[in-house]
Amino acid sequence: KKTRTSFSDRMNNLMARYRKVDEDFFEELEEVLIASDVGVNTVMDLVDELRMEAKRQNIKDSIQLKDVISEKLVEIYQGDEDEQPQKLKMNDDGLTIYLFVGVNGVGKTTSIGKLAYKLKQEGKKVVMAAGDTFRAGAIEQLQVWGERTGVEVIRHNAGSDPAAVIYDGIKAAQARGADVLLCDTAGRLQNKVNLMNELNKVHRVIEREVPGAPHEVLLVLDATTGQNALAQAKTFQETANVSGIVLSKLDGTAKGGIVLAIRNEMKIPVKFVGLGEQMEDLQEFDPNAFVYGLFADLMQDEEQAE
Amino acid sequence: MAFEGLADRLQSTIQKIRGRGKVTEQDVKEMTREVRLALLEADVNFKVVKQLINKIKERAIGQEVMESLTPGQQVIKVVQEELTQLMGGEQSKIAVADRPPTVIMMVGLQGAGKTTTTGKLANLLRKKHNRNPLLVAADVYRPAAIDQLETLGKQLSLPVFSMGTEANPVDIANEAIKKAKEEHHDYVIIDTAGRLHVDEKLMDELTQIKTNVKPAEIFLVVDAMTGQDAVNVAESFDSQLDISGVVLTKLDGDTRGGAALSIRAVTGKPIKFVGMGERTDQLEAFHPERMASRILGMGDVLSLIEKA
Ligand SMILES: Nc1nc2c(ncn2[C@@H]2O[C@H](COP(=O)(O)OP(=O)(O)OP(=O)(O)O)[C@@H](O)[C@H]2O)c(=O)[nH]1
Ligand SMILES: Nc1nc2c(ncn2[C@@H]2O[C@H](COP(=O)(O)OP(=O)(O)OP(=O)(O)O)[C@@H](O)[C@H]2O)c(=O)[nH]1
Ligand SMILES: [Mg+2]
Ligand SMILES: [Mg+2]
Numbered sequence: 001k002k003t004r005t006s007f008s009d010r011m012n013n014l015m016a017r018y019r020k021v022d023e024d025f026f027e028e029l030e031e032v033l034i035a036s037d038v039g040v041n042t043v044m045d046l047v048d049e050l051r052m053e054a055k056r057q058n059i060k061d062s063i064q065l066k067d068v069i070s071e072k073l074v075e076i077y078q079g080d081e082d083e084q085p086q087k088l089k090m091n092d093d094g095l096t097i098y099l100f101v102g103v104n105g106v107g108k109t110t111s112i113g114k115l116a117y118k119l120k121q122e123g124k125k126v127v128m129a130a131g132d133t134f135r136a137g138a139i140e141q142l143q144v145w146g147e148r149t150g151v152e153v154i155r156h157n158a159g160s161d162p163a164a165v166i167y168d169g170i171k172a173a174q175a176r177g178a179d180v181l182l183c184d185t186a187g188r189l190q191n192k193v194n195l196m197n198e199l200n201k202v203h204r205v206i207e208r209e210v211p212g213a214p215h216e217v218l219l220v221l222d223a224t225t226g227q228n229a230l231a232q233a234k235t236f237q238e239t240a241n242v243s244g245i246v247l248s249k250l251d252g253t254a255k256g257g258i259v260l261a262i263r264n265e266m267k268i269p270v271k272f273v274g275l276g277e278q279m280e281d282l283q284e285f286d287p288n289a290f291v292y293g294l295f296a297d298l299m300q301d302e303e304q305a306e
Numbered sequence: 001m002a003f004e005g006l007a008d009r010l011q012s013t014i015q016k017i018r019g020r021g022k023v024t025e026q027d028v029k030e031m032t033r034e035v036r037l038a039l040l041e042a043d044v045n046f047k048v049v050k051q052l053i054n055k056i057k058e059r060a061i062g063q064e065v066m067e068s069l070t071p072g073q074q075v076i077k078v079v080q081e082e083l084t085q086l087m088g089g090e091q092s093k094i095a096v097a098d099r100p101p102t103v104i105m106m107v108g109l110q111g112a113g114k115t116t117t118t119g120k121l122a123n124l125l126r127k128k129h130n131r132n133p134l135l136v137a138a139d140v141y142r143p144a145a146i147d148q149l150e151t152l153g154k155q156l157s158l159p160v161f162s163m164g165t166e167a168n169p170v171d172i173a174n175e176a177i178k179k180a181k182e183e184h185h186d187y188v189i190i191d192t193a194g195r196l197h198v199d200e201k202l203m204d205e206l207t208q209i210k211t212n213v214k215p216a217e218i219f220l221v222v223d224a225m226t227g228q229d230a231v232n233v234a235e236s237f238d239s240q241l242d243i244s245g246v247v248l249t250k251l252d253g254d255t256r257g258g259a260a261l262s263i264r265a266v267t268g269k270p271i272k273f274v275g276m277g278e279r280t281d282q283l284e285a286f287h288p289e290r291m292a293s294r295i296l297g298m299g300d301v302l303s304l305i306e307k308a
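From first to last, the protein sequence lines are chains E and S. Last residue of the first sequence: 306 in the numbering used here, with the numbers rising by one and none dropped. Last residue of the second sequence: 308 in the numbering used here, with the numbers rising by one and none dropped.
By construction, these hints were calculated from the structure, which means they are not laboratory data. Be a bit skeptical, because a hint or two may be false.
Said to hold, decoys possible - Straight-line alpha carbon distances no greater than 25 Å define the calculated PhoX-like cross-link-like pairs of lysine-lysine that follow: (1) S/K55 - S/K29; (2) S/K47 - E/K20; (3) E/K20 - S/K50.
To be verified - Pair ranges (Cβ atoms, derived): (4) E/K66 - S/Q26: 31 to 37 Å; (5) E/E122 - S/A97: 53 to 59 Å; (6) E/A164 - S/Y141: 29 to 35 Å; (7) S/T211 - E/E53: 27 to 33 Å.
Even glycine gets a Cβ: it sits at the ideal position worked out from N, Cα and C.
Turn these sequences into a full structure, and let the hints steer you where they fit.
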């Protein structure tokens, strides 16, 4: 269960442990961030900035540095934008289409199932398209999610052309007057040029069939993934114009800090986090809760020590 | 890509410190700083990096520089030796039980590649070792996990044992062994559901299966793209199940794969195979020295030694 303590409470704890702002303090801060898979460059830049800031303002006491740290961290995530939660874009006149992309095994199909459930709860009519025609059992997997959530799944046989499935999905969703079409795609590593071209083709079909679509291209990232997630974001961005991230498997011990670097370098926001394998386990992303989660271990040590 | 290999990082440092007779503390400090960053960027766990760096410092400082090398090259040599040593030797044999069938259990986090690797191992056992494996669908949780394994079985023309999703995985495993004995299968590969290492109930299920079927091999399947958390995952699975080896999947991607080093450091267990693609024939033996090179961009580094 995730605790409800605010980020600033957590920071207070860290500060209580280190009264003095010295090299040890910065080193531990650096390690905490690296342990959460925040990008190495991002961490080094941030900690350097903090060092300079401490010097400039002649800060000796860690309490005084607290606000600076919080500011910088939230700044890295949010930039200049305000704190509005990132709602999914909807098409007001006609079918809304969301495309799910990502490398193998990250949680695309599961996230689609969860989102279908959520949208249905909100009273929307949803259709799903089984665009992964490659992986063994992928179509059957989405079909099970369709049964669980009571959502129709448009499918072709295994091995058929993914773009054709998606095309049929669009036609079927329109014919049934659906609000939202969720498109599954096969997992693909971003360095596989032919597979990325195939994805690009799927994207083009959607663009062509519904003006303004896809309304969201959601890149699913596994929170357990390290630095490679940056490369994933870059390449999928180029191929399929990613508009948001679903950070899956955040119910484990991994922190998924790499999304800070991705947001920092590419401005792609996180829209949802996955917190388990069941249909209800999808939550809207909360930057504050996330940032303080990065420090959870440090704080746990602290609590145990008490 | 923002990803700098060690070679790029070390270029200037090496230039600066060439042509001295002894490796000074300052040389080592400058070089290990770059090595540390390169290792962290490759996803090696920060604690493992710390240990390695300390060892490297200890060994390198004050060393006489060999005639054919510059101080910079000398340090790189130490780094490479330490990494290769930590990686261990090549070890891609699959155990054989005294009495057949030999049982292999596949375990790991969700989506790591267990089911796919089950198919790959079965293919390897049959093609290369002329064996007759039985695949067992013991994942009753993930939607269509059984369909997935059955599809792989069909592709390989190999039998898959399943009891549907209502049965208990421990019972499935037990029944599978009975069936394998009756039908004279010499190997049984059990595909288990993905689970978090902190999920006590599901980890306990694995322990029960293990106690019942006495596997000759328990393979922890790990995604090569795993970041800092690899140590927690590997340590937990190993301490709860005493795994016999590791399979590193999705190495056909462009990740450096520092998780390999982290896993070795915390478990000491051999990485036996690597997954190099989604197809059932894309499983290869693990090469420790190649992996060490990959993590550091050492291919370049070695050429750097020649250039410098
Ligand atoms: N613990 C946990 N497991 C998850 C989460 N999301 C997905 N999974 C599990 O991760 C595994 C892979 O999920 P999939 O949805 O099949 O992933 P995918 O990206 O569609 O995989 P491919 O289509 O093979 O590329 C399954 O076992 C899911 O149940 C999550 O938020 N938490
Ligand atoms: N490119 C590549 N993909 C792989 C490799 N091994 C597995 N995959 C893919 O990774 C995804 C997950 O593989 P699975 O075998 O379903 O993983 P799993 O561990 O059984 O997943 P769960 O049962 O949900 O925990 C699938 O899309 C596989 O095709 C590999 O070596 N290379
Ligand atoms: Mg899928
Ligand atoms: Mg599986």
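Consistency of the hints with the structure:
| no. | hint | in the structure |
| --- | --- | --- |
| 1 | S/K55 - S/K29 | 12 Å, holds |
| 2 | S/K47 - E/K20 | 24 Å, holds |
| 3 | E/K20 - S/K50 | 23 Å, holds |
| 4 | E/K66 - S/Q26: 31 to 37 Å | 35 Å, holds |
| 5 | E/E122 - S/A97: 53 to 59 Å | 54 Å, holds |
| 6 | E/A164 - S/Y141: 29 to 35 Å | 32 Å, holds |
| 7 | S/T211 - E/E53: 27 to 33 Å | 56 Å, violated |
Hint 7 from the earlier list is the only one contradicted by this structure; the remaining hints agree with it.
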